[in-house]
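Whenever a hint applies, use it, and build me the whole structure from the sequences.
There are 2 protein chains.
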Amino acid sequence: MTGSPPEASSPGRTLMARLDELGRISADSDRLNRQPFTPAHRQAIELVAGWMRLAGMSTRVDPIGNLIGRYEGQDPTAPVLLIGSHLDTVVDAGRYDGALGVLAGVQVVAALHDAEERLPFAVEVVAFCDEEGVRFPTTFLGSKAICGTLDRKVLELQDQAGITVGAALRAFGGDPDALASAAYPPGSLRAFLEVHIEQGPVLEAEDRPLGIVTAIQGQSRLAVVLDGVAGHAGTVPMGHRRDALAGAAEIALLVERRCSATPDLVGTVGRLEVLPGAVNVIPGRALLTLDIRSPSDLLRGQAVAELVQAIHQIAAARGLGCTIAREHDQPASVCAPGLQRVLAQAMRAEGIQVKYLPSGAGHDTMAMAAACPAAMLFVRCQGGISHHPLESMTLPDAEAALRVLLRALRLLALPKARP
Amino acid sequence: MTGSPPEASSPGRTLMARLDELGRISADSDRLNRQPFTPAHRQAIELVAGWMRLAGMSTRVDPIGNLIGRYEGQDPTAPVLLIGSHLDTVVDAGRYDGALGVLAGVQVVAALHDAEERLPFAVEVVAFCDEEGVRFPTTFLGSKAICGTLDRKVLELQDQAGITVGAALRAFGGDPDALASAAYPPGSLRAFLEVHIEQGPVLEAEDRPLGIVTAIQGQSRLAVVLDGVAGHAGTVPMGHRRDALAGAAEIALLVERRCSATPDLVGTVGRLEVLPGAVNVIPGRALLTLDIRSPSDLLRGQAVAELVQAIHQIAAARGLGCTIAREHDQPASVCAPGLQRVLAQAMRAEGIQVKYLPSGAGHDTMAMAAACPAAMLFVRCQGGISHHPLESMTLPDAEAALRVLLRALRLLALPKARP
Chain A
1 MTGSPPEASS PGRTLMARLD ELGRISADSD RLNRQPFTPA HRQAIELVAG
51 WMRLAGMSTR VDPIGNLIGR YEGQDPTAPV LLIGSHLDTV VDAGRYDGAL
101 GVLAGVQVVA ALHDAEERLP FAVEVVAFCD EEGVRFPTTF LGSKAICGTL
151 DRKVLELQDQ AGITVGAALR AFGGDPDALA SAAYPPGSLR AFLEVHIEQG
201 PVLEAEDRPL GIVTAIQGQS RLAVVLDGVA GHAGTVPMGH RRDALAGAAE
251 IALLVERRCS ATPDLVGTVG RLEVLPGAVN VIPGRALLTL DIRSPSDLLR
301 GQAVAELVQA IHQIAAARGL GCTIAREHDQ PASVCAPGLQ RVLAQAMRAE
351 GIQVKYLPSG AGHDTMAMAA ACPAAMLFVR CQGGISHHPL ESMTLPDAEA
401 ALRVLLRALR LLALPKARP
Chain B
1001 MTGSPPEASS PGRTLMARLD ELGRISADSD RLNRQPFTPA HRQAIELVAG
1051 WMRLAGMSTR VDPIGNLIGR YEGQDPTAPV LLIGSHLDTV VDAGRYDGAL
1101 GVLAGVQVVA ALHDAEERLP FAVEVVAFCD EEGVRFPTTF LGSKAICGTL
1151 DRKVLELQDQ AGITVGAALR AFGGDPDALA SAAYPPGSLR AFLEVHIEQG
1201 PVLEAEDRPL GIVTAIQGQS RLAVVLDGVA GHAGTVPMGH RRDALAGAAE
1251 IALLVERRCS ATPDLVGTVG RLEVLPGAVN VIPGRALLTL DIRSPSDLLR
1301 GQAVAELVQA IHQIAAARGL GCTIAREHDQ PASVCAPGLQ RVLAQAMRAE
1351 GIQVKYLPSG AGHDTMAMAA ACPAAMLFVR CQGGISHHPL ESMTLPDAEA
1401 ALRVLLRALR LLALPKARP
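If you read the protein sequences in the order shown, they are chains A and B. Residue numbering for the first sequence follows the numbering used here, starting at 1 and increasing by one per position. Residue numbering for the second sequence follows the numbering used here, starting at 1001 and increasing by one per position.
Simulated from the structure, these hints should not be mistaken for laboratory data. The beta carbon of each residue, even a glycine, is placed where N, CA and C say it ideally should be. Careful, some of the hints might be misleading.
Chain B is faced by these chain A residues, among others (derived, beta-carbon under 8 Å) [as the list claims (entries may be wrong)]:
(1) Pro39
(2) Ala40
(3) Val134
(4) His232
(5) Pro237
(6) Leu245
(7) Leu253
(8) Arg293
(9) Ala361
According to the in silico footprint, chain B covers these stretches of chain A (three or more CB under 8 Å from chain B) [as the list claims (entries may be wrong)]:
(10) 188-200
(11) 217-229
(12) 276-282
(13) 381-395
Quick look at the structure:
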């Protein structure tokens, strides 16, 4: 784990090989699909727990189904440094999202173990049970339970087969009644670090292996309904039309223009439904969604307010009825500045230029920020492709991530370092 | 049938009452739905045939299921003047589309009959079996059969229940084997006149009861597929996106702008499908349709050529893949100038300002133009609403249409008049 090229048995090669092996554990034979509290989840836990024990960790599965490995520190009572990510995947997933953060944690602990090195504090590696929220209509089951922020009501949520979270968890060997005991007591967590592929194209475009996440973006979701007048595509002259799709098109281009004009802002019209949707009928109704994100809640708030006003103006100018529903507003989660500095110091020490960037997607780090300083290290992925079998990461980038993470652990072990 | 206000028993009132009565003959109890070769079609034929006989006509149903009433002329061998429209409807239809043209024909013949007046030629009123093309994937079954232009292959087309045109026709009492005998011999038709509600807002906007159709618009249908790159709505910066929906939005506004800039041109994006269509995913694919119409084939051809070029440019500028399929090109059908002049003369004689306008929708007149001079008289409808239960027409406008149609018949009977 040095700056020299990785050797045959390097930690990076081990990491890549284990990501491949873990990526084959799936409910489906032809694609990666690993949902929480399933046989594939159980199999993944057993595989990863074995690697944890090889790295000198003791392992346990907590009441919500998180796998936790512990590498003891010099002071067993000192607040724990937690590293990790999630084991669950989307359907037809790539093998790096989530798994990388877990196995990178295992790998740096293995390096400490190989060097017979104990830090002043214990290092724990966590493999959260659920982050993607694919099986149940909820996310962050594992990280919220650890932070003590999981609402017990989510135990009643059902998957598509009508099985509740509680029932699935119980059948899995978890203990819904003991959820509270999954929570780390206040003050018992020193920090949380998550390594994750970027899932975006920024690092690749700037030719950088790694990036430090400044904040996980806040998000607003809006649903817009435009009501015009459906009519015959042949008989209604252009000047007489109240075409809902034309209004929606103006809005889609407005969102693109407004969000392109401001750095640190993205906006997407992801859904657009047109009714009645016949080739020879002027659209009478259009339903569209807006997804606006920014690491700055101020920028996002301004953009949403301006867009809402402009959408009403577009509708009014076209004689369209317009309703806008704000479906979701999630504030940005800023990563702990102290941990960002430690990661930056580690990158510099490893000869890697420091790059900061926001995270566009949500991550367990968001939930963990409720319990302790939390930060993320992004690893370049190819083409920004994620949630897809083509998701990929290179061996040199994996090596770089492991070197920086190990270096960061050792920096945090220095007497003065406290995030 | 004079310029004075309609009386209690006026032809206009009779017409309106009969339209109401015919509009109640439907396959469904809660909406108007009258498909060809169904019990509702049979019932409609019987009702209308009764009114034809009251108006002094002999009636027959031809081999394709058209009802034809004949009011004999002074010379039974003279080419026939044919008046009519269709009995079939769309699903959840209004009561004027089609029915008006049939019953207006019956009403003017009734006026001749009441006046014991014979024209030099026979007047026939036809109630075509199928114009809407809702049951079978074909249109103009009735008018094409009369013109001898019906391809026998359409007999094999199936409705959604798998019943062919031929089988449905046979079960209805028609004779698919005798189709050829439905055709009027060349030279045996003097002209065809169709009265129809406008199905558009032009006459209402200009406060005119009637309009003379100059041409039935030609139509081009195009299907455009845009291929971008689906991506995470949070992680992909604006500058990195290849958003298929944004491209589609530009195209929709382009179509609107281009067609608004040219009189006698309309363009509609009626369908737009966005894939994958999730609120948090940048659209990777968009499918949209263009429907471009004009009474001038030259204008339409120019517009389509320009739009195709501009669409490719928009796609290229956005890095989107683009395929454009031309699915349908139907030339415009110009209404017979001689008949237009006769209708104009009749309008003036009835004290109604002459208004010319194109028809945006297709009509039996299009098919009939293959056999004889054919023309259309449009009647104002409310709000341009058609193919909908709210389709409506006023009594004074109905009176005006009957007066003009009767006047036109008498003008055509003058020795010099020949369309």
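When the hints from earlier in the document are held up against this structure, which numbers fail?
Violated hints: 1, 2, 3; rest satisfied.
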